[in-house]
Amino acid sequence: MLPASKLVPIALLISGLGSLLLFPRPDIFVPANDNFSTAQIALEEHWIKGAAPILAAEFDAVKISYVNKEVDYSFVFDIALGQIYGIDADYTLPPLDVRGLNLSEAIAANTKERSEIFCNNPGEKYCELALVWDASADKDVELIALRIEDSLYALVEQGLAISLGVTID
Amino acid sequence: MTSPLLFEILTLALLLASGVSGAFLLGARSALQAIPLGLGLAVMWRVLSHSVIYFIGFGEHSRLVWLIGAIALIAAASFKHFRLSGYWLSVLLGVIAAAIAAVLTRGFGLRGIPHSDSLWILTLSDLMQRSGDMEIVGGRTAIKRGFAYPMTLALGPEGSSLTGLTPLIYIALVLAIIWAIASLSPSLDARQWAWILVPLVLVLITTPILLRAVWYVNGHTLTALGVTLAVTAVVLAVRDATLTRLNLAVIMIGLALISTTRPEGVAFAALIAAPLISERWISRWDVRWIVFSALGSFGLWMYLYDGYIPNLLRLYDERFPIAMLIGSFLVGLKLFDWFRFRLVPLALIGMTAILAFVFATNFVTLTDDVWLQVQNMFFGEGFWGGFFIAIVISAVVLGLQKLDSSYRLLAVISVLLVIGSIVAKLLDGGLFGDPTLGRLGWTDSLNRMWLHSFGIFIITLVIGFAQSISQKAKVSA
Numbered sequence: 000m001l002p003a004s005k006l007v008p009i010a011l012l013i014s015g016l017g018s019l020l021l022f023p024r025p026d027i028f029v030p031a032n033d034n035f036s037t038a039q040i041a042l043e044e045h046w047i048k049g050a051a052p053i054l055a056a057e058f059d060a061v062k063i064s065y066v067n068k069e070v071d072y073s074f075v076f077d078i079a080l081g082q083i084y085g086i087d088a089d090y091t092l093p094p095l096d097v098r099g100l101n102l103s104e105a106i107a108a109n110t111k112e113r114s115e116i117f118c119n120n121p122g123e124k125y126c127e128l129a130l131v132w133d134a135s136a137d138k139d140v141e142l143i144a145l146r147i148e149d150s151l152y153a154l155v156e157q158g159l160a161i162s163l164g165v166t167i168d
Numbered sequence: 000m001t002s003p004l005l006f007e008i009l010t011l012a013l014l015l016a017s018g019v020s021g022a023f024l025l026g027a028r029s030a031l032q033a034i035p036l037g038l039g040l041a042v043m044w045r046v047l048s049h050s051v052i053y054f055i056g057f058g059e060h061s062r063l064v065w066l067i068g069a070i071a072l073i074a075a076a077s078f079k080h081f082r083l084s085g086y087w088l089s090v091l092l093g094v095i096a097a098a099i100a101a102v103l104t105r106g107f108g109l110r111g112i113p114h115s116d117s118l119w120i121l122t123l124s125d126l127m128q129r130s131g132d133m134e135i136v137g138g139r140t141a142i143k144r145g146f147a148y149p150m151t152l153a154l155g156p157e158g159s160s161l162t163g164l165t166p167l168i169y170i171a172l173v174l175a176i177i178w179a180i181a182s183l184s185p186s187l188d189a190r191q192w193a194w195i196l197v198p199l200v201l202v203l204i205t206t207p208i209l210l211r212a213v214w215y216v217n218g219h220t221l222t223a224l225g226v227t228l229a230v231t232a233v234v235l236a237v238r239d240a241t242l243t244r245l246n247l248a249v250i251m252i253g254l255a256l257i258s259t260t261r262p263e264g265v266a267f268a269a270l271i272a273a274p275l276i277s278e279r280w281i282s283r284w285d286v287r288w289i290v291f292s293a294l295g296s297f298g299l300w301m302y303l304y305d306g307y308i309p310n311l312l313r314l315y316d317e318r319f320p321i322a323m324l325i326g327s328f329l330v331g332l333k334l335f336d337w338f339r340f341r342l343v344p345l346a347l348i349g350m351t352a353i354l355a356f357v358f359a360t361n362f363v364t365l366t367d368d369v370w371l372q373v374q375n376m377f378f379g380e381g382f383w384g385g386f387f388i389a390i391v392i393s394a395v396v397l398g399l400q401k402l403d404s405s406y407r408l409l410a411v412i413s414v415l416l417v418i419g420s421i422v423a424k425l426l427d428g429g430l431f432g433d434p435t436l437g438r439l440g441w442t443d444s445l446n447r448m449w450l451h452s453f454g455i456f457i458i459t460l461v462i463g464f465a466q467s468i469s470q471k472a473k474v475s476a
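Those protein sequence lines, which keep their order, are chains A and B. Position 124 of the first sequence, counting from 1, maps to 123 under numbering that gives the first Met the number 0, and the rest follow consecutively. Position 40 of the second sequence, counting from 1, maps to 39 under numbering that gives the first Met the number 0, and the rest follow consecutively.
Misleading hints may appear alongside valid ones.
Keeping only pairs whose Cα atoms sit at most 25 Å apart, straight-line, the calculated PhoX-like set for lysine-lysine is [what the hints assert, rightly or not]:
#1 B:K401 to B:K333
#2 A:K5 to A:K62
#3 A:K111 to A:K62
#4 A:K5 to B:K333
#5 A:K68 to A:K5
#6 B:K401 to A:K5
Computed beta-carbon distance windows for the label pairs [said to hold, decoys possible]:
#7 A:Y72 to B:E157: 35 to 45 Å
#8 B:L354 to A:F117: 46 to 56 Å
#9 A:L19 to B:W370: 45 to 55 Å
#10 A:I9 to B:E59: 19 to 29 Å
#11 B:I348 to A:L92: 46 to 56 Å
#12 A:F117 to B:L439: 20 to 30 Å
#13 A:V70 to B:E317: 29 to 39 Å
#14 A:T91 to B:I348: 10 to 20 Å
#15 A:E69 to B:K333: 26 to 36 Å
#16 B:R283 to A:L19: 47 to 57 Å
#17 A:E127 to B:L399: 51 to 61 Å
#18 A:S162 to B:D367: 29 to 39 Å
#19 A:E127 to B:D367: 54 to 64 Å
#20 B:W370 to A:I9: 43 to 53 Å
Derived from the structure by calculation, the hints contain no laboratory data. The C-beta atom is built at its ideal place from N, Cα and C for all residues, glycine as well.
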């Protein structure tokens, strides 16, 4: 049998060459495109919890409502992230169910971000969340949470939502 | 306005120059040791200065306090070591390493592979940079996001992080591994070194996860730096049967780094320190200092912003850090000697018993999970290339040799770290509820936790190989 002084380097060589030939060669970094801002990275990477940093980067002050996540048919707007980014969130009521208005197409043109998010739909853990506002949105923005489709929620700028026919109590 | 690249070069250079200065003040005399030790020391100075300033309500001045302390360290060391060329050379090399690290991100425009853990860490770093209320996140965000790493990232330009820190940690880690090998290995000639190092480098550069870790935003490599520093100093102390002041400082800084970077770090710290504090010759006060470096820094983290474990133990407010302080003192009492002298076998038996219990009660689920981990580690799914295949074969081959105590101790610590990682993962996944060993793919947390100890596996392999050659040469002579 070969001595350890030969077996070990041979084992290393075979492992290295085997790795080179047989195993996947994934990317080891991504181009930054001059983007090192936390909020912008969250936006670029469609971070599942990215709504808070994205909104904070876009507006001076953000108020959102209808984001109670403790009931069925709601989504998770992360409390810690909301507070880290200084978002005034009202967690009292769950998202308004506006599926009857068929707003999917109407909001598409003004959707700034749409990504996967945790939700509390019975039997369903992941839904989608769209962030929607138009050019008329103030820098001090108010958004409301809506249930647009069975598995699609949206945070829509309040004025835009009203103009689309949403009634807010 | 200063360009972000220049800002990063200056900040990282100051970080490393102050750390290297601190390392020389502690007694380090080579760049190989001073740069990794210095980075660890600089990170801990950042943690300590921010924590104290935040605690007294002046968190917004923490960058200034860090800056003043860093300059003071450089001034003190340059005054003391003015004529020591090794000091100036180490500072220069440290500054060059800092510049390379900044260029690797801001200069070349490269970022780590996207991952939600990275974004959480960047978010925490953003909060720390803005000196936000740390209580916001206490109990609401996973403790896994750590403390020391986002805290140091927060030294970056406003609105973004210190991007070059991650590559700089990696450079320091590589130097720490080289320092460990140089300190623990018997002397070999150049041909013998090439015989092991060339194939080893081939394995390392064909292991994708080790290349990803250069840029990947997470605390794994900072933990690995702490592990490598502490384990090396522990093995040196046990080998020489004496604990120098410098080695004590290296161990304390290493353990504090581990304990403030990862939630399981404090348990890892205990496993690493166990072989040394169970020695009969070590003084009781040194035992207390070593334990305090892990428990004290962990207590600080938990007290300042993440009350997960204090809440679990119902040790609210100041009671948790005080309990850590008292615990550190008690460990050195004669009353606990029986337990202390048998720490290593007790740790091995305890962890093995936990594993046996959990596997026995969740056999089917965990058998499937073990298969997933095997695929991650050996079949390329976790991007470990041929690394673990090489390590396991080498361990088997070298295990059959009669090698000296340093190798045996490194092997024991490696085993402790492997079992410790698995137990930590089971705890994370719900040890007594719904235990899991993870999932397929590189993002699995146990798969990434191997990054904490890969340096020790490499050191163990190389030292074993060097000893086997050295013994063969003696026999031939």
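Open item on the list: Tell me the hint numbers this structure goes against, listed in increasing order.
Closed with: Violated: hints 1, 2, 4, 5, 8, 9, 10, 14, 15, 18, 19 and 20.
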